[in-house]
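Undergrad: Protein chains in written order, with the numbering used here: chain X, 1 to 315; chain Y, 316 to 571.
One or more hints might be untrue.
[Unchecked claim] Distance condition first, Cα-Cα at most 20 angstroms in a straight line; then the derived SDA-like pairs of lysine to any residue: (1) Lys452/Y x Ala469/Y; (2) Lys111/X x Leu272/X; (3) Lys111/X x Asp269/X; (4) Lys421/Y x Gly229/X; (5) Lys421/Y x Arg227/X; (6) Lys421/Y x Phe225/X; (7) Lys475/Y x Arg213/X; (8) Lys149/X x Ile159/X; (9) Lys475/Y x Glu212/X; (10) Lys475/Y x Ser446/Y.
[To be verified] Which chain Y residues stay away from chain X? Per the calculated CB distances, all over 12 angstroms, these: (11) Glu340; (12) Thr420; (13) Leu435; (14) Leu520.
[What the hints assert, rightly or not] Pair ranges (Cβ atoms, derived): (15) Arg526/Y x Ile241/X: 17 to 27 angstroms; (16) Leu183/X x Pro351/Y: 47 to 57 angstroms; (17) Glu508/Y x Ile241/X: 28 to 38 angstroms; (18) Pro351/Y x Phe263/X: 53 to 63 angstroms; (19) Ala200/X x Thr345/Y: 37 to 47 angstroms.
Bear in mind the hints are in silico, worked out from the structure with no lab data behind them. Please read all numbers here as calculations on a predicted model, not as lab measurements. We put the CB at the ideal spot given by N, CA and C, even for glycine.
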Amino acid sequence: MSIRSALALFGLTALPPCAAFAVLSLAASPVVPAAANEARGPAADISAQLAASSPSDPPGVLVSRQLLEESGLAVGEVVLFSADPRGARPAPFRIVGSYEPRPDPMRLGSKRLEARLHLPDLIALMADPSDPLASESVASVNVALHDRKDAAKFSSDLISRMPGLIATPTAPPPDEADPFVVLERFHLAIAIVTVIGSTAFLLALMAMRADERRETVGILRLIGFTRRGILLEVLVEGLFIAVAGAVFGVLFATATQGIVNRFFQWRYDTALVFVRVTAPIAARCIVFAVPLGVLAGLVASWTLLRRDIVALLRR
Amino acid sequence: MNPPNTPDDGRRPTAGAGAAPPIVEAAGLTKVFPMPAGPVVALRGVSLRDDSGESIAITGPSGCGKSTLLHLLGCVDTPTEGSLAIEGRDASRLSDFERSRIRLTKIGFVFQRFFLLPMLTAWENVELPQSEAGAPKTARRARTRELLDYVGLADRAGHKPSQLSGGEMQRVAIARALANRPLLLLADEPTGELDEATGEQIVELFDRVNRDGTTLVVVTHNPILANRARRVLPMRSGRLIMESPASSIVAREEGA
Ligand SMILES: Nc1ncnc2c1ncn2[C@@H]1O[C@H](COP(=O)(O)OP(=O)(O)O)[C@@H](O)[C@H]1O
Ligand SMILES: [Mg+2]
Chain X
1 MSIRSALALF GLTALPPCAA FAVLSLAASP VVPAAANEAR GPAADISAQL
51 AASSPSDPPG VLVSRQLLEE SGLAVGEVVL FSADPRGARP APFRIVGSYE
101 PRPDPMRLGS KRLEARLHLP DLIALMADPS DPLASESVAS VNVALHDRKD
151 AAKFSSDLIS RMPGLIATPT APPPDEADPF VVLERFHLAI AIVTVIGSTA
201 FLLALMAMRA DERRETVGIL RLIGFTRRGI LLEVLVEGLF IAVAGAVFGV
251 LFATATQGIV NRFFQWRYDT ALVFVRVTAP IAARCIVFAV PLGVLAGLVA
301 SWTLLRRDIV ALLRR
Chain Y
316 MNPPNTPDDG RRPTAGAGAA PPIVEAAGLT KVFPMPAGPV VALRGVSLRD
366 DSGESIAITG PSGCGKSTLL HLLGCVDTPT EGSLAIEGRD ASRLSDFERS
416 RIRLTKIGFV FQRFFLLPML TAWENVELPQ SEAGAPKTAR RARTRELLDY
466 VGLADRAGHK PSQLSGGEMQ RVAIARALAN RPLLLLADEP TGELDEATGE
516 QIVELFDRVN RDGTTLVVVT HNPILANRAR RVLPMRSGRL IMESPASSIV
566 AREEGA
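Chain X with its partners taken away, still in its complex shape (with noise of 0.2 angstroms):
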């Protein structure tokens, strides 16, 4: 066993749910058996895993995957934490598993250096050493839940079995605060901005298109076609070669998303799933392309339809 570097550094920030569970049952495993119960799982695994270490050994912790890749840690092996960033006080600690951080879109950029503590181990390690009854008591604890809405539930019945226990929600973030809601706005955004300009792009294209066909239009209607008659063919040649692009891009869409989530999970070392094109999507994408399309089409014929016999056929 070697002692291979001192870490300053750990977060516990954004602990998934489960895990929080996790740490949260072997501290007062007594107070939320429900939580405990829900937690099974991942949070079971991780809670066999912390148990594992002995007692005379440094207390077991969890590293995420990218703090081991980053120090060349192995499991097994023993660091040392401090809470200080001068690494004052450090504690020993046996690193029993590695874990995938949770997702975070909102902390795309930065590493995800992160430890996994006992609680009992995570108080030790942040008690002021000049107050006796720092490592004697928690101010406070943060609880994760898997569903948000379980929270005044929650927290009724950890005050019916502790009585003294201040326990309130924390107010839901609103929608804008919510990551995956921002993100979602800003694709919108991206998306009305892409579907505008390439419609206009297909308009110029489409009408490029029916200035080719200028003679074509102008013999079908010297020969006796009705303006009516040939915008009915562009419409449903419209219609199908709109349907034909909407589902081809989807498909597209569909079969190159593992590509391009790949490409950025490996960019930001992260798990986060980036595309995934759901049955909404398609069908929002469908909706939006055909009418615009076939619009398109039409406004393009016309632009030939309202121009007289003579000029369609002159050179």
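Keeping the supplied structure of chain X fixed, place chain Y with the ligands upon it in accordance with the hints.
TA: Using the frame of chain X, we list chain Y with the ligands on its own:
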């Protein structure tokens, strides 16, 4: 060989057969094109009557208004002033849709530049106006075969315009113009882009079309084609100057 308007269609009396109104009757047709540099007067009061079975040749120097007159007679364009009746119906009262129907079913067009649809074969070009007119498939097939046979291109049915010579393209155009058994065939310099020998074949074809019962108005510089017409109408500066026997007019045109 089957004529373009076979007797069995029984729609029209032969020339001069009585009370039927003229196919086209124009009175005082004037056409002014408003241009940025000032209005261009293309026609100055042209009156013309074309009875069933007739053939008329309109001759005159370039720019005198021949094409413009033909466009007005064919409901392709509208006059600025004057009246036009097609089979006794006032053309100025017709909607765009009705004018399209007239072009489709009552009037055939042949132009110097053929105006075939390049992406369609000869067969498809001839069949197209029939489809638009709603002819049933079997009738269309029979009529298309009959017409391609009539213009001597039965063996070129599957060829696109780009694979045909000028004379062949013009014969396809004539077959297409006759597709819906029109009352009237309008031709604007139909031999203009053809060499003399090929032009003569086209002249022969027009002659036959007229003999087989289709009324003809031809704008031409070709004296041979003009000579075949029953009436020759010389034109100058937007006016029909006089009506004269074909031979004298042609002689004068050539002398000019
Ligand atoms: N669409 C148009 N716009 C403006 N001027 C036109 C148009 N069509 C014809 N013209 C003018 O009208 C006159 C007669 O033209 P046109 O009927 O084509 O003569 P032609 O067929 O006898 O050569 C010419 O001066 C021509 O420039
Ligand atoms: Mg002309």
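Undergrad: The structure should be examined with respect to each hint, and the outcome stated for every one.
TA: Comparing the hints with the structure gives:
Note on Lys452/Y and Ala469/Y: the hinted pairing holds, with a Cα-Cα distance of about 18 angstroms set against a maximum of 20 angstroms. Our distance criterion of 20 angstroms between C-alpha atoms is met by Lys111/X and Leu272/X, whose separation comes to about 13 angstroms. In summary, the hint linking Lys111/X to Asp269/X is supported, as the alpha carbons are separated by about 8 angstroms, within the 20 angstroms threshold. For the given pair, Lys421/Y sits about 19 angstroms from Gly229/X by alpha-carbon distance, which is consistent with the 20 angstroms threshold.
Restraint check: the Cα-Cα separation between Lys421/Y and Arg227/X comes to about 18 angstroms, which is no more than 20 angstroms; the hinted pair holds. Straight-line distance between C-alpha atoms of Lys421/Y and Phe225/X comes to about 13 angstroms, which keeps the hinted pair within the 20 angstroms bound. A hinted pair counts as satisfied when its Cα atoms are at most 20 angstroms apart, and Lys475/Y with Arg213/X qualifies at roughly 17 angstroms. About 17 angstroms separates the Cα atoms of Lys149/X and Ile159/X, which keeps this hinted pair within 20 angstroms; it holds.
Annotation: proposed proximity of Lys475/Y to Glu212/X holds, straight-line Cα distance about 19 angstroms (limit 20 angstroms). For the hint pairing Lys475/Y with Ser446/Y, the CA-to-CA distance comes to about 19 angstroms; that is within 20 angstroms, so the pair holds. For Glu340/Y, the shortest C-beta to C-beta distance to chain X comes to about 21 angstroms, beyond the 12 angstroms cut-off, and the non-interface label holds. A Cβ of chain X approaches the Cβ of Thr420/Y within 12 angstroms, the least distance being about 7 angstroms, so the stated non-interface status is violated.
The beta carbon of Leu435/Y is not kept farther than 12 angstroms from every beta carbon of chain X, the shortest such distance being approximately 10 angstroms. The claim that Leu520/Y is not at the interface with chain X holds, since no C-beta of that chain comes within 12 angstroms of its own (minimum 19 angstroms). Between Arg526/Y and Ile241/X the Cβ separation comes to about 48 angstroms, which falls outside the hinted range of 17 to 27 angstroms. The hint said 47 to 57 angstroms for the Cβ distance between Leu183/X and Pro351/Y, and at roughly 55 angstroms that hint holds.
The beta-carbon spacing between Glu508/Y and Ile241/X, approximately 36 angstroms, falls within the hinted interval of 28 to 38 angstroms. Checking the proposed 53 to 63 angstroms range against Pro351/Y and Phe263/X shows it holds: the Cβ atoms sit about 57 angstroms from each other. Distance hint check: the CB atoms of Ala200/X and Thr345/Y are about 43 angstroms apart, consistent with the given range 37 to 47 angstroms.
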